[in-house]
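Protein sequence lines, in the order shown, are assigned to chains A and B. Heads up: the first sequence at position 85 corresponds to 85 in my numbering, and the numbers run straight through without jumps. Heads up: the second sequence at position 225 corresponds to 225 in my numbering, and the numbers run straight through without jumps.
Keep in mind that the hints were calculated from the coordinates and are not lab data. C-beta atoms are modelled at their ideal positions from N, C-alpha and C, and glycine is treated no differently. Among these hints, one or two may not hold up.
[Stated by the list, open to error] Computed cross-link-like contacts, DSBU-like style, restricted to lysine-lysine with a CA-CA straight-line distance of at most 35 Å: (1) Lys88(B) <-> Lys217(A); (2) Lys4(A) <-> Lys58(B); (3) Lys34(A) <-> Lys5(B); (4) Lys130(B) <-> Lys202(B); (5) Lys4(A) <-> Lys65(B); (6) Lys217(A) <-> Lys5(B); (7) Lys19(B) <-> Lys4(A); (8) Lys34(A) <-> Lys120(B); (9) Lys34(A) <-> Lys19(B); (10) Lys92(B) <-> Lys217(A); (11) Lys120(B) <-> Lys92(B).
[Unchecked claim] Here are the in silico distance ranges between beta carbons for each label pair: (12) Leu174(A) <-> Asp104(B): 38 to 48 Å; (13) Ile251(A) <-> Lys65(B): 15 to 25 Å; (14) Leu175(A) <-> Asn129(B): 16 to 26 Å.
[As the list claims (entries may be wrong)] Per the computed footprint, the stretches of chain B lying under chain A, defined by three or more beta-carbons under 8 Å from a beta-carbon of chain A, are: (15) 80 to 90; (16) 111 to 123; (17) 162 to 169.
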Amino acid sequence: MGRKINNLLLEFARLHRFLMRFFREVVSPPFEFKEIIRQCYEVGWKSFPLISLTGFIVGFVFTKQSRPSLEEFGATSWLPALISIAIVRALAPLVTALIASGKVGSQIGAELSSMNVTEQIDAMEVSGTNPFKFLIVSRIVATTLMIPVLCFYVAGIGLFGGYLSITSKDDLSLLSFFTQVFESIQMIDLFAMVLRAVVFGFTIGFASCYVGYYSSKGTEGVGIAANSAVVASMFIVFIEELLIVQLLGFITPLIS
Amino acid sequence: MEKSKAIINYDKAVIDVDKVSKSFGDRQILHDVDMQLFEGENLVVLGRSGTGKSVLIKLISGLLKPDSGTINVLGEVVNDLSERDLMKLRLKIGFSFQNSALYDSMTVRENLEFPLVRNKRNLTRAEINKEVEDVLEGVGLLQAINQMPSELSGGQKKRIGIARTLILRPDIMLYDEPTAGLDPITCLDINTLINEVQERYKTSSIIITHDLACAKMVADRMVMLLDGRFERQGAFSEIFDTDDERVKPFYDYNFIV
Numbered sequence: 001m002g003r004k005i006n007n008l009l010l011e012f013a014r015l016h017r018f019l020m021r022f023f024r025e026v027v028s029p030p031f032e033f034k035e036i037i038r039q040c041y042e043v044g045w046k047s048f049p050l051i052s053l054t055g056f057i058v059g060f061v062f063t064k065q066s067r068p069s070l071e072e073f074g075a076t077s078w079l080p081a082l083i084s085i086a087i088v089r090a091l092a093p094l095v096t097a098l099i100a101s102g103k104v105g106s107q108i109g110a111e112l113s114s115m116n117v118t119e120q121i122d123a124m125e126v127s128g129t130n131p132f133k134f135l136i137v138s139r140i141v142a143t144t145l146m147i148p149v150l151c152f153y154v155a156g157i158g159l160f161g162g163y164l165s166i167t168s169k170d171d172l173s174l175l176s177f178f179t180q181v182f183e184s185i186q187m188i189d190l191f192a193m194v195l196r197a198v199v200f201g202f203t204i205g206f207a208s209c210y211v212g213y214y215s216s217k218g219t220e221g222v223g224i225a226a227n228s229a230v231v232a233s234m235f236i237v238f239i240e241e242l243l244i245v246q247l248l249g250f251i252t253p254l255i256s
Numbered sequence: 001m002e003k004s005k006a007i008i009n010y011d012k013a014v015i016d017v018d019k020v021s022k023s024f025g026d027r028q029i030l031h032d033v034d035m036q037l038f039e040g041e042n043l044v045v046l047g048r049s050g051t052g053k054s055v056l057i058k059l060i061s062g063l064l065k066p067d068s069g070t071i072n073v074l075g076e077v078v079n080d081l082s083e084r085d086l087m088k089l090r091l092k093i094g095f096s097f098q099n100s101a102l103y104d105s106m107t108v109r110e111n112l113e114f115p116l117v118r119n120k121r122n123l124t125r126a127e128i129n130k131e132v133e134d135v136l137e138g139v140g141l142l143q144a145i146n147q148m149p150s151e152l153s154g155g156q157k158k159r160i161g162i163a164r165t166l167i168l169r170p171d172i173m174l175y176d177e178p179t180a181g182l183d184p185i186t187c188l189d190i191n192t193l194i195n196e197v198q199e200r201y202k203t204s205s206i207i208i209t210h211d212l213a214c215a216k217m218v219a220d221r222m223v224m225l226l227d228g229r230f231e232r233q234g235a236f237s238e239i240f241d242t243d244d245e246r247v248k249p250f251y252d253y254n255f256i257v
């Protein structure tokens with residue numbers, strides 16, 4: 001029991017050191033701009049097909065499922081307002097984060113872990129290169145920058161899916177749909193979306209890099225790291241969602 | 001192939017390992033190890049798998065920290081250095097990994113450029129290209145410059161791994177099992193390359209191996225790690241002129257069985 005507590009505390013200490021090292025390295029030159037751009041391409045551009053499909057389906061299905069409830073009150077004209085609030089406030093950041101946890105998180109976890117197994121990280125270190133800056137900082141920065149971009153895209157494509165769902169039964173022009181959408185979204189909603197996306201992006205990058213960088217040696221370690229990256233990212237994202245909802249519930253009345 | 005006589009300065013130790021111990025958990029790997037590498041020398045460290053040979057060179061390059069004792073490399077105590085000073089010192093140490101450790105997402109050219117552009121930032125594109133091509137030519141693999149590591153054979157990977165370390169013109173080379181997993185002819189090529197590196201780049205090297213043919217071909221001096229201690233050292237014939245049951249099977253397997 002004592003040993004387990006000791007190990008847990010050591011793990012927390014290592015986590016803390018990793019976090020502090022990230023904040024120290026991210027602001028100190030030299031900067032690995034080329035690698036950051038490459039990682040942005042990996043995280044952002046390569047996730048577009050999957051994110052597009054998922055975002056569209058979420059918007060389409062959510063609208064379809066919401067219609068019967070509003071129909072009962074003869075309020076189907078509220079659908080654009082309802083789906084815009086739901087997508088911008090909650091669905092877009094959460095769906096983006098969950099998809100990215102699976103796709104990007106597992107990729108980062110497996111990649112870093114296999115580099116660890118094949119001593120590529122050691123090779124960087126002995127060649128006078130800072131592997132933390134090159135591998136870790138670039139990936140965390142890329143996820144923190146690209147998840148918000150993907151989130152805006154998911155919101156857009158989700159709303160488009162919602163629009164198609166509405167027009168399958170009602171007659172509504174794209175212009176009037178988006179007019180209603182923008183009338184119902186407030187600045188605080190956009191702020192909340194960006195806040196969530198930035199926090200989730202950082203979390204996915206950080207958790208995936210941490211488990212990959214400190215994975216155990218051997219091929220089994222690669223599988224475990226990929227799996228742990230996804231599980232840890234998703235788990236923390238849900239906890240953060242809960243905390244952010246509470247925080248926004250507290251500050252929104254103060255602002256309005 | 002006979003090794004040409006190396007110019008060794010026995011008055012100057014470039015690596016001085018003094019009473020170094022290292023454990024992993026409850027298992028002690030190295031016990032008060034003492035060792036010196038002299039300028040210009042090829043020192044072969046022999047020993048069975050798991051005796052701590054690779055741990056020793058990881059301690060020397062600062063990848064691991066010793067539990068006790070000191071490691072002096074080119075006049076600097078490795079275990080006392082800050083991260084920044086350690087990175088500077090590492091530029092003078094080339095480390096050839098057992099499995100080559102090539103960056104598999106990069107081409108051969110990018111693998112070689114990687115340490116160069118990060119440590120010599122004032123080089124022009126033409127100078128970088130020249131350095132890369134010169135070193136690749138030196139290991140006889142200029143034609144592989146645009147290939148990915150996955151397209152190379154084991155022996156080619158070893159050569160590229162050695163080229164990547166040579167590009168920073170190190171004073172010391174550390175080879176971890178340079179011939180492991182290679183066929184006898186490729187082993188011969190790698191051994192020749194180790195000798196050429198010593199001659200051309202004037203390096204002092206530690207070669208970790210349990211391949212006695214490699215040891216015999218490249219060594220100016222040998223030390224044998226037995227149960228975490230250096231108990232025998234000298235020339236090839238001196239090392240194996242013994243009835244020690246821990247040493248004899250080593251020789252017998254390589255040259256008699």
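Verification of the hints:
Of the pairs offered as hints, the one joining lysine 88(B) and lysine 217(A) holds, with about 27 Å between alpha carbons and a cut-off of 35 Å not exceeded. At roughly 29 Å between alpha-carbon atoms, lysine 4(A) and lysine 58(B) fall within 35 Å of each other, so this suggested pair holds. A C-alpha spacing of about 46 Å is found between lysine 34(A) and lysine 5(B), which places the hinted pair above 35 Å, so the restraint is violated. Pair hint lysine 130(B) plus lysine 202(B) holds up; C-alpha atoms about 21 Å apart against a cutoff of 35 Å.
Between lysine 4(A) and lysine 65(B) the CA atoms are separated by roughly 25 Å; this keeps the pair inside 35 Å, and the hint holds. Between the alpha carbons of lysine 217(A) and lysine 5(B) the distance comes to roughly 41 Å, so the proposed pair goes past 35 Å and is violated. Note on lysine 19(B) and lysine 4(A): the hinted pairing holds, with a Cα-Cα distance of about 33 Å set against a maximum of 35 Å. Of the pairs offered as hints, the one joining lysine 34(A) and lysine 120(B) holds, with about 17 Å between alpha carbons and a cut-off of 35 Å not exceeded.
As the CA atoms of lysine 34(A) and lysine 19(B) are separated by approximately 44 Å, the hinted pair breaks the 35 Å bound. At most 35 Å may separate the alpha-carbon atoms for a hinted pair to count; lysine 92(B) and lysine 217(A) meet this at roughly 28 Å. For a cut-off of 35 Å, the pair hint linking lysine 120(B) to lysine 92(B) stands: about 13 Å separates their Cα positions. About 47 Å separates the C-beta atoms of leucine 174(A) and aspartate 104(B), a value consistent with the hinted range of 38 to 48 Å.
Checking the proposed 15 to 25 Å range against isoleucine 251(A) and lysine 65(B) shows it is violated: the Cβ atoms sit about 47 Å from each other. Checked against the hint of 16 to 26 Å, the pair leucine 175(A) and asparagine 129(B) fails, with Cβ atoms roughly 56 Å apart. Beta-carbon proximity to chain A at under 8 Å applies to 3 residues in the stretch 80 to 90 of chain B; the threshold of 3 is reached and the given coverage holds. Only residues whose C-beta sits within less than 8 Å of a C-beta in chain A count toward coverage, and the stretch 111 to 123 of chain B has 5 of them, enough to reach three; the restraint holds.
Counting residues of the stretch 162 to 169 of chain B whose beta carbon lies closer than 8 Å to any beta carbon of chain A gives 3, which meets the minimum of three for the stated coverage.
Violation of the numbered hints given earlier is confined to hints 3, 6, 9, 13, 14; the remaining hints are satisfied by the structure.
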